Amino acid sequence: MDIYNENGRFISILSDYGFKATFGNEADTTFLKKALQVLIDSPVPIKSVEFVKNDISAITIDSRSGIYDVACVDESDNHFIVEMQLSEYPEFIQRMKFYALHRFNTLVKKGEYKFENLPKIYCIGILAKSIFSQIADYHNIAILRNAKNETIDNQMTFVTVEFDKFKKQENEVTTDLDKLIFTMQNLHKITETSQFPTFWSEDWLKKAISEVDIRNMTPEQKLAYEMAISANALAVKNENKKIKEAEHRVKTDTVQIALNMGLTIEQCAKLANVSVDFVLSVQQQFSAK
Numbered sequence: 000m001d002i003y004n005e006n007g008r009f010i011s012i013l014s015d016y017g018f019k020a021t022f023g024n025e026a027d028t029t030f031l032k033k034a035l036q037v038l039i040d041s042p043v044p045i046k047s048v049e050f051v052k053n054d055i056s057a058i059t060i061d062s063r064s065g066i067y068d069v070a071c072v073d074e075s076d077n078h079f080i081v082e083m084q085l086s087e088y089p090e091f092i093q094r095m096k097f098y099a100l101h102r103f104n105t106l107v108k109k110g111e112y113k114f115e116n117l118p119k120i121y122c123i124g125i126l127a128k129s130i131f132s133q134i135a136d137y138h139n140i141a142i143l144r145n146a147k148n149e150t151i152d153n154q155m156t157f158v159t160v161e162f163d164k165f166k167k168q169e170n171e172v173t174t175d176l177d178k179l180i181f182t183m184q185n186l187h188k189i190t191e192t193s194q195f196p197t198f199w200s201e202d203w204l205k206k207a208i209s210e211v212d213i214r215n216m217t218p219e220q221k222l223a224y225e226m227a228i229s230a231n232a233l234a235v236k237n238e239n240k241k242i243k244e245a246e247h248r249v250k251t252d253t254v255q256i257a258l259n260m261g262l263t264i265e266q267c268a269k270l271a272n273v274s275v276d277f278v279l280s281v282q283q284q285f286s287a288k
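Oh and the sequence shown: position 152 is 151 in numbering that gives the first Met the number 0, straight run, nothing missing.
Rather than coming from a laboratory, the hints here were simulated on the basis of the structure.
A few of these clues could be false.
As the list claims (entries may be wrong) - Label pairs and their in silico Cβ distance ranges:
id	residue 1	residue 2	range
1	E90	F50	26 to 32 Å
2	A287	D212	47 to 53 Å
3	A146	E74	43 to 49 Å
4	S193	S274	34 to 40 Å
5	F114	I140	22 to 28 Å
6	A146	M226	38 to 44 Å
7	K241	L100	38 to 44 Å
8	N104	T197	21 to 27 Å
9	I256	N104	44 to 50 Å
10	L270	F114	54 to 60 Å
11	F131	K240	43 to 49 Å
12	F195	L270	51 to 57 Å
To be verified - 16 Å max Cα-Cα, derived EDC-like pairs, lysine to aspartate or glutamate:
id	residue 1	residue 2
13	K32	D175
14	K128	E87
15	K119	D175
16	K206	D76
17	K178	E49
18	K46	E87
19	K52	E87
20	K205	E191
21	K46	D15
22	K188	E149
23	K164	D152
All values reported here derive from a predicted model rather than from experimental measurement.
For glycine and all other residues, C-beta sits at the position ideal for the given N, C-alpha and C.
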């Protein structure tokens, strides 16, 4: 999913900057409160949210640490963890379990290891790429159930939204969930307000859109945005470099194995999907060693 538009007026909500400016906006939580209510499919409006510590300290020397994108608590003491993932991550549900269980352990420890009256934990994953190939729905809410689909426990709820399964056009958008996903998918493609769908005039969406409108940004905000873009570009460049280096190692190893098996230069090149010159260079390196 391409989240950058050089000619666009609006920063993608799916970008690091856009996500923090909307979901992570501590000064105005109008959008966050409504988005959380929609994502957990609750008929009850959330009146207030308080941001909480969003980093995880390693429990032991060998255990993992981490950081949530957003962590908050509402007025009913429901705990929310929101994570966004743009790249492929088939095991993302395991990461969600790690975060949710860490929060669970924190609450139990805080309650002096008592398990009654524990607050609910909602772990929400917003995903650009699908992780459930066997499930067609783009929005899934999971709790602990038995084989007869009877509820065993709903203290911990896992919510996922897979954007690449959402195919609705503007005229097909009806629910608040549709409005949220459509906005996050398409806002950065818009250049003028005349292109706005009618539901973008709703207060909660209007608040979010104003936060990522480049024309509304102060010089300090523009600098922060440009620094975020620069950091992301460097991260992508480094990641692409690592991928190319890994691909080169695999091809080199494949050629070496093929040469050891006695295959011809042409056969090695075909097997590793490389040029004859590449095989000759590997052969030369191998001979030198």
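Status of each hint after checking the structure:
no., hint, result
1, E90 - F50: 26 to 32 Å, "holds (27 Å)"
2, A287 - D212: 47 to 53 Å, "violated (60 Å)"
3, A146 - E74: 43 to 49 Å, "violated (36 Å)"
4, S193 - S274: 34 to 40 Å, "violated (52 Å)"
5, F114 - I140: 22 to 28 Å, "holds (23 Å)"
6, A146 - M226: 38 to 44 Å, "violated (51 Å)"
7, K241 - L100: 38 to 44 Å, "violated (30 Å)"
8, N104 - T197: 21 to 27 Å, "violated (45 Å)"
9, I256 - N104: 44 to 50 Å, "holds (46 Å)"
10, L270 - F114: 54 to 60 Å, "holds (58 Å)"
11, F131 - K240: 43 to 49 Å, "violated (31 Å)"
12, F195 - L270: 51 to 57 Å, "holds (55 Å)"
13, K32 - D175, "holds (13 Å)"
14, K128 - E87, "holds (6 Å)"
15, K119 - D175, "violated (23 Å)"
16, K206 - D76, "violated (25 Å)"
17, K178 - E49, "violated (24 Å)"
18, K46 - E87, "violated (35 Å)"
19, K52 - E87, "violated (27 Å)"
20, K205 - E191, "holds (14 Å)"
21, K46 - D15, "violated (26 Å)"
22, K188 - E149, "violated (43 Å)"
23, K164 - D152, "violated (28 Å)"
In this structure, the hints that do not hold are numbers 2, 3, 4, 6, 7, 8, 11, 15, 16, 17, 18, 19, 21, 22, 23, in rising order.
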